[in-house]
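J.: Residue-level listing of the chains:
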Amino acid sequence: MFNRLFPMVLIAGLPLSVAGSLFHWPEALMFMIYCATIIALAAYMGRATENLSIVSGPRIGGLLNATFGNAVELIISIFALKAGFVSIVLASLTGAVLGNLLLVGGLAFLVGGFRFKRQRFDIHDARFNAVLLMFGVVVAFVFPEIFSMYLTDQEALTLSVWIAVILILLYFAALLFRLVTHRGMYQSGKEEEKHEETAEWSKRKSIMILALSTIAVAYISESLVHTFESVGETFGWSDVFIGVIIVAIVGNAAEHASAIIMAYKNRMDVAVEIAIGSTLQIAMFVTPLLVLISLFFPSPMPLVFTVPELVTMVLAVLLTNTIAIDGDTNWFEGAMMLGAYLIMGVGFYLL
Amino acid sequence: MFNRLFPMVLIAGLPLSVAGSLFHWPEALMFMIYCATIIALAAYMGRATENLSIVSGPRIGGLLNATFGNAVELIISIFALKAGFVSIVLASLTGAVLGNLLLVGGLAFLVGGFRFKRQRFDIHDARFNAVLLMFGVVVAFVFPEIFSMYLTDQEALTLSVWIAVILILLYFAALLFRLVTHRGMYQSGKEEEKHEETAEWSKRKSIMILALSTIAVAYISESLVHTFESVGETFGWSDVFIGVIIVAIVGNAAEHASAIIMAYKNRMDVAVEIAIGSTLQIAMFVTPLLVLISLFFPSPMPLVFTVPELVTMVLAVLLTNTIAIDGDTNWFEGAMMLGAYLIMGVGFYLL
Amino acid sequence: MFNRLFPMVLIAGLPLSVAGSLFHWPEALMFMIYCATIIALAAYMGRATENLSIVSGPRIGGLLNATFGNAVELIISIFALKAGFVSIVLASLTGAVLGNLLLVGGLAFLVGGFRFKRQRFDIHDARFNAVLLMFGVVVAFVFPEIFSMYLTDQEALTLSVWIAVILILLYFAALLFRLVTHRGMYQSGKEEEKHEETAEWSKRKSIMILALSTIAVAYISESLVHTFESVGETFGWSDVFIGVIIVAIVGNAAEHASAIIMAYKNRMDVAVEIAIGSTLQIAMFVTPLLVLISLFFPSPMPLVFTVPELVTMVLAVLLTNTIAIDGDTNWFEGAMMLGAYLIMGVGFYLL
Numbered sequence: 001m002f003n004r005l006f007p008m009v010l011i012a013g014l015p016l017s018v019a020g021s022l023f024h025w026p027e028a029l030m031f032m033i034y035c036a037t038i039i040a041l042a043a044y045m046g047r048a049t050e051n052l053s054i055v056s057g058p059r060i061g062g063l064l065n066a067t068f069g070n071a072v073e074l075i076i077s078i079f080a081l082k083a084g085f086v087s088i089v090l091a092s093l094t095g096a097v098l099g100n101l102l103l104v105g106g107l108a109f110l111v112g113g114f115r116f117k118r119q120r121f122d123i124h125d126a127r128f129n130a131v132l133l134m135f136g137v138v139v140a141f142v143f144p145e146i147f148s149m150y151l152t153d154q155e156a157l158t159l160s161v162w163i164a165v166i167l168i169l170l171y172f173a174a175l176l177f178r179l180v181t182h183r184g185m186y187q188s189g190k191e192e193e194k195h196e197e198t199a200e201w202s203k204r205k206s207i208m209i210l211a212l213s214t215i216a217v218a219y220i221s222e223s224l225v226h227t228f229e230s231v232g233e234t235f236g237w238s239d240v241f242i243g244v245i246i247v248a249i250v251g252n253a254a255e256h257a258s259a260i261i262m263a264y265k266n267r268m269d270v271a272v273e274i275a276i277g278s279t280l281q282i283a284m285f286v287t288p289l290l291v292l293i294s295l296f297f298p299s300p301m302p303l304v305f306t307v308p309e310l311v312t313m314v315l316a317v318l319l320t321n322t323i324a325i326d327g328d329t330n331w332f333e334g335a336m337m338l339g340a341y342l343i344m345g346v347g348f349y350l351l
Numbered sequence: 001m002f003n004r005l006f007p008m009v010l011i012a013g014l015p016l017s018v019a020g021s022l023f024h025w026p027e028a029l030m031f032m033i034y035c036a037t038i039i040a041l042a043a044y045m046g047r048a049t050e051n052l053s054i055v056s057g058p059r060i061g062g063l064l065n066a067t068f069g070n071a072v073e074l075i076i077s078i079f080a081l082k083a084g085f086v087s088i089v090l091a092s093l094t095g096a097v098l099g100n101l102l103l104v105g106g107l108a109f110l111v112g113g114f115r116f117k118r119q120r121f122d123i124h125d126a127r128f129n130a131v132l133l134m135f136g137v138v139v140a141f142v143f144p145e146i147f148s149m150y151l152t153d154q155e156a157l158t159l160s161v162w163i164a165v166i167l168i169l170l171y172f173a174a175l176l177f178r179l180v181t182h183r184g185m186y187q188s189g190k191e192e193e194k195h196e197e198t199a200e201w202s203k204r205k206s207i208m209i210l211a212l213s214t215i216a217v218a219y220i221s222e223s224l225v226h227t228f229e230s231v232g233e234t235f236g237w238s239d240v241f242i243g244v245i246i247v248a249i250v251g252n253a254a255e256h257a258s259a260i261i262m263a264y265k266n267r268m269d270v271a272v273e274i275a276i277g278s279t280l281q282i283a284m285f286v287t288p289l290l291v292l293i294s295l296f297f298p299s300p301m302p303l304v305f306t307v308p309e310l311v312t313m314v315l316a317v318l319l320t321n322t323i324a325i326d327g328d329t330n331w332f333e334g335a336m337m338l339g340a341y342l343i344m345g346v347g348f349y350l351l
Numbered sequence: 001m002f003n004r005l006f007p008m009v010l011i012a013g014l015p016l017s018v019a020g021s022l023f024h025w026p027e028a029l030m031f032m033i034y035c036a037t038i039i040a041l042a043a044y045m046g047r048a049t050e051n052l053s054i055v056s057g058p059r060i061g062g063l064l065n066a067t068f069g070n071a072v073e074l075i076i077s078i079f080a081l082k083a084g085f086v087s088i089v090l091a092s093l094t095g096a097v098l099g100n101l102l103l104v105g106g107l108a109f110l111v112g113g114f115r116f117k118r119q120r121f122d123i124h125d126a127r128f129n130a131v132l133l134m135f136g137v138v139v140a141f142v143f144p145e146i147f148s149m150y151l152t153d154q155e156a157l158t159l160s161v162w163i164a165v166i167l168i169l170l171y172f173a174a175l176l177f178r179l180v181t182h183r184g185m186y187q188s189g190k191e192e193e194k195h196e197e198t199a200e201w202s203k204r205k206s207i208m209i210l211a212l213s214t215i216a217v218a219y220i221s222e223s224l225v226h227t228f229e230s231v232g233e234t235f236g237w238s239d240v241f242i243g244v245i246i247v248a249i250v251g252n253a254a255e256h257a258s259a260i261i262m263a264y265k266n267r268m269d270v271a272v273e274i275a276i277g278s279t280l281q282i283a284m285f286v287t288p289l290l291v292l293i294s295l296f297f298p299s300p301m302p303l304v305f306t307v308p309e310l311v312t313m314v315l316a317v318l319l320t321n322t323i324a325i326d327g328d329t330n331w332f333e334g335a336m337m338l339g340a341y342l343i344m345g346v347g348f349y350l351l
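Residue numbers (the UniProt record's numbering), protein chains in the order written: chain V, 1 to 351; chain Y, 1 to 351; chain F, 1 to 351.
Where hints are given, some of them may not hold.
As the list claims (entries may be wrong) - Partner residues are not named here, just some residues of chain V that face chain F (Cβ under 8 Å, in silico):
no. : residue
1   : D125
2   : R127
3   : V138
4   : F147
5   : L151
6   : F172
7   : A174
8   : L175
9   : L179
10  : V180
11  : W201
12  : S202
13  : V307
I should point out that these hints are in silico values taken from the structure, not numbers from a laboratory.
Everything numeric in this text was worked out from a predicted model, so none of it was measured.
Every residue, glycine too, gets a C-beta built ideally from N, C-alpha and C.
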């Protein structure tokens, strides 16, 4: 798929994006072109990051993946914040959490479970992820929500900044723990496997592609953000629905595909790492970073989601933790996660 | 107990029920006669279903049990819905969840724990049940509650219907998983045990008894429902208390007895299956079915409990999951569950 | 530290406390003198209780520890309740729960984790503690909070008294379970270790010191409570911040030190027992006892925390349970708990 589809989308999408914005094509059309082009660019960025990781060794590689894995999400959000769409950004972060946990995770468990009766992944990873989700989503997001009800806007922002800094510090502490101090401590025999991977692109080529794709994504994201309003009107979608469902799916399309492929190949550790690792990156790195970046824009973003967004994320984490804590998956667990995602999609559509 | 008490109750209760409604005896008296008769009929229905299960083999049997296990609860609720008592039905569903989890589960753990220091049940069942409770009660009930605060009544009903359909589909998917695709996968040596059971009644007799009891329960339930108001006045009970505590205990009396007997015989797998399995049936089958059925009545029932009902159910699930997840029980865990049930009973009485 | 610092603090603190209250020294100064003296007295009380435990054998010893372990907290709270500071008492109980779980627990895990890559404690204890925390904090505190919104003040107090009685009964039932019916059932080889401990003080001396320290703590606590208001004004601290952070740290300083020393010595079972055991004692014994005692004072204390207090405690329990349930700790888990404590401290400071 990668070698055929994405180059074509890119060759068509880039000029169309430029042409469309110059000649003021209909915004609903442009919205679709932008989305398709970003998905293709995201695939290139993901591939470049992966190549760089292989070349740089596992420690730097892990750090690169953990930092640039959600670069597209981050770039779109920065432009949306700059344009003042604070509530759409919060909605799209919610959507990224829900999408990665329930849609990507659920599809991976379901597709993998159709082929294999029972799939396993490392139980120590499962527990570590459960703890991080409980901290990064439940504690760090519920706490400011409740306290902000009793605080002034300025105080709520101060609290948000403290939490943002603590989240980022703990995110890198978690990387330090996994990649340095406790590297390989809880695992056995997984290292060899990874050394076999060979880089497809050279370091130089990877960096070039990463840089160019990033610039292109940034350019298109800025245009994309400005189509939100008229697209909402055209399709009858609310801001929240665009953020939670549409932007989240576009921003994470590439990861969705690879997680499912990995599950199909019975490499459940990798599939779970993509689904839950990506969620953690959104919650503990992208979101707090956006809170800090937003301080430089006219309308800063406190770490205060709407109640439906927050409750949905908490429910998604509680369900995922209960399902994934035993390191054992099957098709029914996948079906349940997709059922929960569908319920939540309907809810946000009606909102 | 079965062979002596229930036939007598039935022989007295059925004619008294008819006579009382014809001659307009005091409603508080009729309420007690109806309750006793329904408990006796429920015992017959339970026995007939069990017999049919043995005759039909484990797959069909499991399906029968999972579908007719809470038939009484369902029938009473349908008549209550028809009479417009939406809030009593929601309260009695809450009561069934609380009663099965905390009262039946707690009594089984306590009584079993007095005889055996430590009782165990299958840990895979424990985890599977924990996941289903998290989905069927926490996710599926909390989500519409929160979203309904931001939706119109019509939209809340639409969301409820979607959730109801997804719940029923997942309930049957769980049966498919347990009885077909992953049958016996996680267990060992339990099959033989079951093959020894012999049916007490023939297939024909079981169906006859099931049919006749169902008709009788339906007839009495309709009368029972109409005594609620005056009974509430007589005893000073609120609607919610009648629903949560009284109707729930009447509707599940037979199951309560068998779970405790099983725990006393150290067959903890069966006791847990009755307590938690019955809860799941209420949450994932009876409740959503009632939502769908209520669409044909003048006042439809959205999947929106009151806040106290919802919070109590969520607390009951969180406590039960924390207690039961290790597949190991003792008297103290039972005492804690009964303590929680007592607290909740006092709360609903005061409400 | 014990042999040098605490006697000196005591020799200076006791006369200064008396002199200061006679000559009306500035209240902020007296506040600090009182706090230091109470910390030193608490250390003596802790030591006396420990000695009595060793002398009296494990059962009576466990009971003594479980009853007098938070005597200082209890005494300060009684005087605060008598003076009508109901909200400060609730805040300080919240602070004790948060401080013991997240600050003491987090520091123990972090300090221990710097020395040892991986520390373990008994998994059965971990599960038992998780269940008790879920019951004693989440169920027993959330339930009256929600129901009190729908009840009159008198009904909320009735519900609180019921819950208080059930909590205390279950607290002693848990002791019965641990010390009598299931003593040593889940452990192996830990008993011998304990028999080696020798008492430092005689039984008589321990009782004397315990009695004298208790009287001194009571005397100083009464004075301390009356400095709260002016101290709040001087430092710009709210009542809640004084209760949650300051009083809680003062009341538990001695335990904090010993938990961290135990973790450093790799005796993680003891460290966890101090952190979580102390939390449970606050939640299931001190708090309900204060509810009952408050009935004799002009302003009784219902079991109804403020929403921020309650949510913070629930989050702390959910995080701790997720971290501690596997009986395996490391520096990162400690860092995460301290991160959560810091976030919560900032929140209460801003409130």
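J.: Would the hint on L151(V) stand, with a C-beta cut-off of 8 Å toward chain F?
T.: Check passed: Cβ of L151(V) comes within 6 Å of chain F, closer than 8 Å.
J.: When the nearest CB of chain F is found for V307(V), is that gap smaller than 8 Å?
T.: It is violated, given that the least Cβ distance between V307(V) and chain F is near 13 Å, above 8 Å.
J.: Quick check on F147(V) please, does its C-beta sit within 8 Å of some C-beta on chain F?
T.: holds, 5 Å
J.: At a threshold of 8 Å, is the proposed contact between F172(V) and chain F supported by beta-carbon distances?
T.: violated, 11 Å
J.: Going by Cβ atoms only, is R127(V) closer than 8 Å to chain F?
T.: For R127(V), the interface hint holds, since the closest Cβ of chain F sits about 5 Å away, which is under 8 Å.
J.: Given L179(V) as an interface hint, is its Cβ closer than 8 Å to any Cβ of chain F?
T.: Check failed: Cβ of L179(V) comes no nearer than 12 Å to chain F, outside 8 Å.
J.: Mind checking the CB of D125(V) against every CB in chain F and telling me if the closest is under 8 Å?
T.: Hint on D125(V): violated, closest Cβ of chain F at ~12 Å, above 8 Å.
J.: Under 8 Å is the threshold here; is the Cβ of V180(V) close enough to any Cβ of chain F for the hint to stand?
T.: Violated, about 11 Å.
J.: Let me know if the C-beta of W201(V) comes in closer than 8 Å to any C-beta of chain F, holds or violated.
T.: Not OK, violated: W201(V) not within 8 Å of chain F, min 34 Å.
J.: Holds or violated: the hint that S202(V) contacts chain F, with Cβ atoms closer than 8 Å.
T.: violated, 35 Å
J.: So, A174(V) near chain F? Judge it on the closest CB pair being under 8 Å.
T.: Check passed: Cβ of A174(V) comes within 6 Å of chain F, closer than 8 Å.
J.: Holds or violated: is there a CB of chain F closer than 8 Å to the CB of L175(V)?
T.: Violated: closest Cβ of chain F sits about 10 Å from L175(V), beyond 8 Å.
Hints 1, 6, 8, 9, 10, 11, 12, 13 from the list above are not met by this structure, while the remaining hints are.
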